[in-house]
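A.B. asks: Chains as they are written, first to last, in full-length UniProt numbering: chain A, 1 to 201; chain B, 1 to 658; chain C, 1 to 197.
Note that these hints are calculated values from the structure, not bench results.
There may be inaccurate statements among the hints.
[Unchecked claim] Label-pair restraints from in silico Cβ distances: (1) B:591 / A:146: 38 to 46 Å; (2) B:82 / A:92: 28 to 36 Å; (3) B:554 / C:26: 13 to 21 Å; (4) B:51 / A:158: 45 to 53 Å; (5) B:554 / A:93: 40 to 48 Å; (6) C:7 / B:423: 26 to 34 Å; (7) C:181 / A:62: 24 to 32 Å; (8) B:423 / A:92: 52 to 60 Å; (9) A:165 / B:639: 48 to 56 Å; (10) B:338 / C:174: 20 to 28 Å; (11) B:603 / A:132: 40 to 48 Å.
Every residue, glycine too, gets a C-beta built ideally from N, C-alpha and C.
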Amino acid sequence: MPADPKLVPSGLHGLRRVLGVGALAALIAAPLHAATAEGGPAITPAGIATASDPGVAPAVAADPKLEADMMELSHKLRCLVCQNQSIAESNAPLAVDLRNQVREQLAAGKDKDDVIDYLVERYGDFVLYEPPFKAVTGLLWVGPFALLLGGAGWLAWRLRRRRSEIAAEGALSAADRERARALLAGGGDAASNPASPESRK
Amino acid sequence: MIPELGHFALILALVLSLVQAVVPLVGAQRNSSALMAVGRPAAQGQFFFILFSYFCLTWAFIQSDFSVQLAATNSHSATPLMYKITGVWGNHEGSLLLWAMSLSLWTVAVTVFSRHLPDAFLARVLGVLGLVSAGFISFTLVTSNPFDRLLPAVAEGRDLNPLLQDPGMIIHPPLLYMGYVGFSVAFAFAIAALLSGRMDAAWARWSRPWTTIAWVFLTAGIAVGSGWAYYELGWGGWWFWDPVENASFMPWLLGTALMHSLAVTEKRGAFRSWTVLLAIGAFSLSLLGTFLVRSGVITSVHAFATDPRRGLYILALLVIVIGFSLLLYAMRANKLMGGGSFGLVSRETALLANNVLLTVASASVLLGTLYPLFLDALGLGKISVGPPYFEAVFVPLMTPVVVLMVFGPFLRWKDDELLAEVRRVAPAFVASVAIGVGSAWAVDHLTWRTALGLSLAAWVVLASLQLLVRRLGERAGASAGSRLRSITASWWGMWLAHFGIGIFIIGVTMVGSLDRHLDVKMKEGQHAELAGYTFVFRGAVDADGPNYDAARGRIELLRDGRSLDMLTPEKRVYLAQGMPMTEASLDIGVFRDVYVSLGEQLEDGAWIVSLYYKPFISWIWAGCVLMGLGGVFAAADRRYRRLAARDAAAAVGSRVAA
Amino acid sequence: MKAKFLVPLLLFFGLAGFLAFGLTLNPREVPSPLIDKPAPNFRLARLDQPEQTFALEEMRGQVWLLNVWASWCVACRQEHPVLVRMAAQKLVPVVGLNYKEVRGDGAISTRGMALEAETTMAIERARRWLADHGNPYLLSVLDIDGRVGIDFGVYGVPETFLIDREGRIRYKHIGPITPESLQTQIMPKVEELRRAG
Chain A
1 MPADPKLVPS GLHGLRRVLG VGALAALIAA PLHAATAEGG PAITPAGIAT ASDPGVAPAV
61 AADPKLEADM MELSHKLRCL VCQNQSIAES NAPLAVDLRN QVREQLAAGK DKDDVIDYLV
121 ERYGDFVLYE PPFKAVTGLL WVGPFALLLG GAGWLAWRLR RRRSEIAAEG ALSAADRERA
181 RALLAGGGDA ASNPASPESR K
Chain B
1 MIPELGHFAL ILALVLSLVQ AVVPLVGAQR NSSALMAVGR PAAQGQFFFI LFSYFCLTWA
61 FIQSDFSVQL AATNSHSATP LMYKITGVWG NHEGSLLLWA MSLSLWTVAV TVFSRHLPDA
121 FLARVLGVLG LVSAGFISFT LVTSNPFDRL LPAVAEGRDL NPLLQDPGMI IHPPLLYMGY
181 VGFSVAFAFA IAALLSGRMD AAWARWSRPW TTIAWVFLTA GIAVGSGWAY YELGWGGWWF
241 WDPVENASFM PWLLGTALMH SLAVTEKRGA FRSWTVLLAI GAFSLSLLGT FLVRSGVITS
301 VHAFATDPRR GLYILALLVI VIGFSLLLYA MRANKLMGGG SFGLVSRETA LLANNVLLTV
361 ASASVLLGTL YPLFLDALGL GKISVGPPYF EAVFVPLMTP VVVLMVFGPF LRWKDDELLA
421 EVRRVAPAFV ASVAIGVGSA WAVDHLTWRT ALGLSLAAWV VLASLQLLVR RLGERAGASA
481 GSRLRSITAS WWGMWLAHFG IGIFIIGVTM VGSLDRHLDV KMKEGQHAEL AGYTFVFRGA
541 VDADGPNYDA ARGRIELLRD GRSLDMLTPE KRVYLAQGMP MTEASLDIGV FRDVYVSLGE
601 QLEDGAWIVS LYYKPFISWI WAGCVLMGLG GVFAAADRRY RRLAARDAAA AVGSRVAA
Chain C
1 MKAKFLVPLL LFFGLAGFLA FGLTLNPREV PSPLIDKPAP NFRLARLDQP EQTFALEEMR
61 GQVWLLNVWA SWCVACRQEH PVLVRMAAQK LVPVVGLNYK EVRGDGAIST RGMALEAETT
121 MAIERARRWL ADHGNPYLLS VLDIDGRVGI DFGVYGVPET FLIDREGRIR YKHIGPITPE
181 SLQTQIMPKV EELRRAG
């Protein structure tokens, strides 16, 4: 069946569409930029303790950037005495101790991997919310994508089988095809429209 | 006295559920209308007794009868009335009674809205529901009796966990349970169909509204739970991939697949095997969730106090229900083959891909949730699987689903031309990538995650709008009014739900990428700034409640010098357990929430205050609302009622003839 | 019935098997990764003579137990009689690691407390407790801030580590020592390590 000309945009029509949508994009992006970016960087000057201005509340953390890094890492570390919480979320004494450890180590210049190694050495892989990629966790990490590939493969096999089923059903005869085209064009035909003059023949 | 009456009523309910389970099934097998007719009254009687039992338990809580063990451990005489009532389900035993009551309520609904179902089919549905009911009520009576006495009674109860003394507690569990349990109806329909050997379009049509409504409840339940965690826990997180949360999410994923698969089975007669397996799977995951929460097999903030004996009982229930269903499937699966054929490029293909993708997503969540258990059981050590894993896996899996979600409706049933359809949506696709990347750049956060999220959201919005325009344009020459009216509730349902997902994605992406946090030490009169807002501390006052002592901070929120709101976060200590708790204060807006919580007070009188800026977080809840609304529209389509009336007439006719 | 239709059922039975086995496990117990590794060296003040320190390496050549305890720990009170009996029978030397004696006690706030003051308070509380309940330890050392505890992977109290002649950790006992666990797990391992050395 030939493609309906109204449904497929011509080259110029398509370009107009893309330009129109581009303008729409700009219209969306501009207020978004205005609405969200003016907050400035996460660490505002007022957040850093300034002893000189008594009106400004000092940040709890001496170094907000370090604090942010510490919290980000802490969200990935498990609180061992809690019912499934990270050390960032928990105020259990051990969680506080471990957060202090993380902060100290980051301040001493260690990078995230060093801190993670330090904790895993002492508490095992259990302390990590992101399981390391090892032999025993191979299935865990590969599994979902293996399932996805498996699913896609099954889908492809199934559709191919369907296609051969349709082919086996047989194609339309030429007369049926003509009739179908006429019906789809919106008119009736002799058989389906009893009121038409033809049917009286 | 009253607790004993409640206990007795529960026993009666068990007896009735056994009757409801056995008699109609035998009746359907022998084609005896007398036996089959027992189903309705048995189900309704069971509901009456469970309801009565539930009221008796609630009465014990309201009256602060601390000779009832459950009331003594979960209530207090000074607890506000509302939380005495909701405290009933804030524990293992009471929540089981709620589960049983939800199941009974759904069963009664089936008895009421089922005139159009053939007698044998209805009898089998009620029979299956009766079996599940019997399983749960017996579990309650044997291992978790809510009416156990505590003798000698204590003078005062231990109070409900302060985290649960909150409005979220009033709606979250009931909604969630109605959702979980609601999938038992779809399950019962599937089993009844397998038993009767009848799996046609009519069966799919009967199942759809029930499945959709259960899905709406589950969506609402999960969303409310998430929102509750957000404002209650004091630091603004809203999803943690905790095993119990996953236990509610997996049935949701399969339930979504089920709804779509049922549509194909109804309209095209295809996917019958998938639909049956999805129906069994969704309910099985509900049961698995029940097991995980109550057996102690995994650690979770949501887990109830655990007992391996209870775990064993639920596991036995699981094995019986699911094992039997899958065995039945294996025996009857041959009859499910066939069904309408379809081309390589068609709406059926898109929906089949949808089934596969959602099943893979659900299986992946299951893998992550149970993997620590697998390794431990095999003696291979202990690991933890948390948000970093799930996010890394789930986002890539769901991306093709979202892309397909708004492309699928463009495809015709049975056969279509790929190139034509792709060319049709190509401008929207290109534009969404442009908008996504452009917006990510505009908000100073050009990362893969942000760009992907915003592109997907833009794709959903643009393609949805295009779909709507096309649909309205279908009736050439008709008036605007009649074009609108020609769109069915069912179509609007689909459109709204899909659109809602786009809104949801915007919320998740923006708040995940752009939220800000600052902890400050505030003395009266001091101010702090975050994300363009100014917070001025106006001091703290005492604000004691009925069962707690509290300090309430008053923090004025300003922007550009203009005062917007007075935030009042509290730090409470609940008297019964001495448990401290923080109650955050939010200024909720369309484009952002500003969130403040109170920490400790220092020796110099300053308070530690945590300030949060959460952009677009309301869009997460708004997206869920749209999804739920979409489901409601879909279930309410007049088509079901019209066809139900026709089926009812046919059913009456056949009864008269027989 | 085609075999492939049984796949979902078989998969489910596999899952159920794991879940059943899972009922016998304890998901909250964290095994120590330090088994068979050298125990982290430490040098801490002694409880009996705070001006003097004691280092882990001083125990080299012996098979011994390091018991983590504190006066605020309720479960420690449960295991203490067992330790006292062990000391009376001279079964195996036990060194006490007094863990966060002051700051670990939920009833005490150490905000603003100087380390010296906290140490003095810790010594006083620990000595009083041992005087009240008996002192089974060869000696006790003070881990005021819990750093040494973190090095050992301590996450709760009480915990006990079995250390061999070369200073390697061979076994970690989580929770209070019971007469049963002493007899069936700890002492057999002690004997084995003694024979090996």
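A.B. asks: Next, verify each hint and record whether it holds.
C.D. replies: Results for each hint:
1. B:591 / A:146: 38 to 46 Å: holds (41 Å)
2. B:82 / A:92: 28 to 36 Å: Distance hint for residue 82 (chain B), residue 92 (chain A) holds at roughly 30 Å.
3. B:554 / C:26: 13 to 21 Å: violated (46 Å)
4. B:51 / A:158: 45 to 53 Å: At roughly 47 Å between Cβ atoms, residue 158 (chain A) and residue 51 (chain B) fall inside 45 to 53 Å, so the hint holds.
5. B:554 / A:93: 40 to 48 Å: violated (31 Å)
6. C:7 / B:423: 26 to 34 Å: violated (41 Å)
7. C:181 / A:62: 24 to 32 Å: Since the Cβ atoms of residue 181 (chain C) and residue 62 (chain A) sit about 46 Å apart, the hinted range of 24 to 32 Å is violated.
8. B:423 / A:92: 52 to 60 Å: holds (58 Å)
9. A:165 / B:639: 48 to 56 Å: violated (30 Å)
10. B:338 / C:174: 20 to 28 Å: About 59 Å separates the Cβ atoms of residue 338 (chain B) and residue 174 (chain C), which means 20 to 28 Å is violated.
11. B:603 / A:132: 40 to 48 Å: holds (43 Å)
The structure fails hints 3, 5, 6, 7, 9, 10 (numbered hints given earlier, in ascending order).
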